[in-house]
Amino acid sequence: MKKVFNKCFIILGVILNIQMVNAQRVALKSNLIDWATLSPNLAVEMRLNQRLTLDISAAANPFSFTIADMKATHFRFQPELRYWFNRPMARHFMGISLLGGLYNVKFKEHLYEGDIWAAGLTYGYAFVLSRHWNMEATLGIGMAKLRAFDYREGEEKPATPNLSKWSPVPIRLGLSFSYIFK
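When you line the sequence shown up against mature numbering (1 follows the signal peptide of the UniProt record, and there is no 0), it's residues -23 to -1, 1 to 159, in that order.
In short, the hints are calculated from the structure, not lab data. Hints may be right or wrong, so weigh each one.
Distance condition first, Cα-Cα at most 20 Å in a straight line; then the derived PhoX-like pairs of lysine-lysine [claimed, not checked]:
(1) Lys85 to Lys134
(2) Lys142 to Lys83
(3) Lys48 to Lys134
(4) Lys48 to Lys83
(5) Lys85 to Lys48
(6) Lys142 to Lys122
(7) Lys83 to Lys134
Computed spacing ranges between beta-carbons, pair by pair [as the list claims (entries may be wrong)]:
(8) Thr43 to Tyr100: 31 to 37 Å
(9) Trp143 to Lys48: 23 to 29 Å
(10) Met112 to His87: 36 to 42 Å
(11) Val105 to Pro135: 47 to 53 Å
(12) Ala45 to Ala67: 36 to 42 Å
(13) Pro135 to Phe104: 43 to 49 Å
(14) Leu9 to Glu130: 31 to 37 Å
(15) Asp46 to His109: 41 to 47 Å
(16) Glu86 to Thr14: 19 to 25 Å
(17) Met47 to Pro145: 20 to 26 Å
(18) His87 to Leu19: 29 to 35 Å
(19) Ile118 to Val82: 18 to 24 Å
(20) Pro145 to Tyr60: 19 to 25 Å
Bear in mind that the values here come from a model prediction, so they are computed numbers and not experimental data. Backbone N, C-alpha and C fix where the C-beta goes; we use that ideal spot for every residue, glycine too.
Please take these sequences and the hints and turn them into a complete structure.
The following block contains the structure:
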């Protein structure tokens, strides 16, 4: 998991360094819904042209405690290409979103350790609060390939993942505040 985390930040750094040269607008964002699920998160959105932006977000829940017989940790990386109907970072947008993540879930005596890869469509609206501040609501749905080691506590972990399926998932759900650098 540490290797995946490091690779994601290297890719993000390269993209930011390339984009900063020509960027007219860059926003730094955080999703309140992720914070409510105890998942620290951060996103960067970069303007590509008059109608397109690239949003790259990462979230993780490294905390290990049990609530209602469930314990879960995860890491998630989500790039999204957005088309803005008005102008970038204001009002309505549609997006194509990708999702990659690792998860470890314990529900009662059942353990799931695996990864998720997904793609889908999103819709959102950015409320302009001031020259530098926005609030953004986002909702998206997509299809995900889930792969996991599925076993019970006390049993030996299988040698290969024994759960693999496609499933519709909410690919994005957000209420974010963003600070726009102009």
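How the hints compare with the structure:
1. As the CA atoms of Lys85 and Lys134 are separated by approximately 16 Å, the hinted pair is consistent with the 20 Å bound.
2. Between the alpha carbons of Lys142 and Lys83 the distance comes to roughly 19 Å, so the proposed pair stays at or under 20 Å and holds.
3. The suggested pairing of Lys48 with Lys134 holds, with an alpha-carbon distance near 18 Å, which does not exceed 20 Å.
4. For the hint linking Lys48 to Lys83, the alpha-carbon distance of about 5 Å falls within 20 Å, and the restraint holds.
5. Our distance criterion of 20 Å between C-alpha atoms is met by Lys85 and Lys48, whose separation comes to about 9 Å.
6. Of the pairs offered as hints, the one joining Lys142 and Lys122 holds, with about 6 Å between alpha carbons and a cut-off of 20 Å not exceeded.
7. With a CA separation close to 13 Å, the supplied pair Lys83 and Lys134 stays within the 20 Å bound.
8. Evaluation of the 31 to 37 Å hint for Thr43 and Tyr100 yields a pass: the beta carbon distance comes to about 35 Å.
9. A hinted range of 23 to 29 Å for the beta carbons of Trp143 and Lys48 is consistent with their spacing of about 26 Å.
10. Hint check: Met112 to His87, Cβ distance near 38 Å, so the stated range 36 to 42 Å holds.
11. The hinted range of 47 to 53 Å is satisfied by Val105 and Pro135, whose Cβ atoms lie roughly 51 Å apart.
12. Between Ala45 and Ala67 the beta carbon distance is about 40 Å. The supplied range of 36 to 42 Å therefore holds.
13. At about 47 Å, the beta-carbon gap between Pro135 and Phe104 stays in the expected band of 43 to 49 Å.
14. Between Leu9 and Glu130 the C-beta distance comes to about 33 Å, which sits within the given range of 31 to 37 Å.
15. A hinted range of 41 to 47 Å for the beta carbons of Asp46 and His109 is consistent with their spacing of about 44 Å.
16. In this structure the supplied range 19 to 25 Å holds for Glu86 paired with Thr14, their Cβ-Cβ distance being about 23 Å.
17. Checked against the given bound of 20 to 26 Å, the beta carbons of Met47 and Pro145, roughly 22 Å apart, stay inside it.
18. Judged by the Cβ atoms, the range 29 to 35 Å given for His87 and Leu19 holds: they are separated by roughly 31 Å.
19. With their beta carbons about 21 Å apart, Ile118 and Val82 fall inside the hinted range of 18 to 24 Å.
20. Range check, Pro145 to Tyr60: Cβ separation about 23 Å, and the 19 to 25 Å hint holds.
Consistency note: the structure conflicts with none of the earlier hints.
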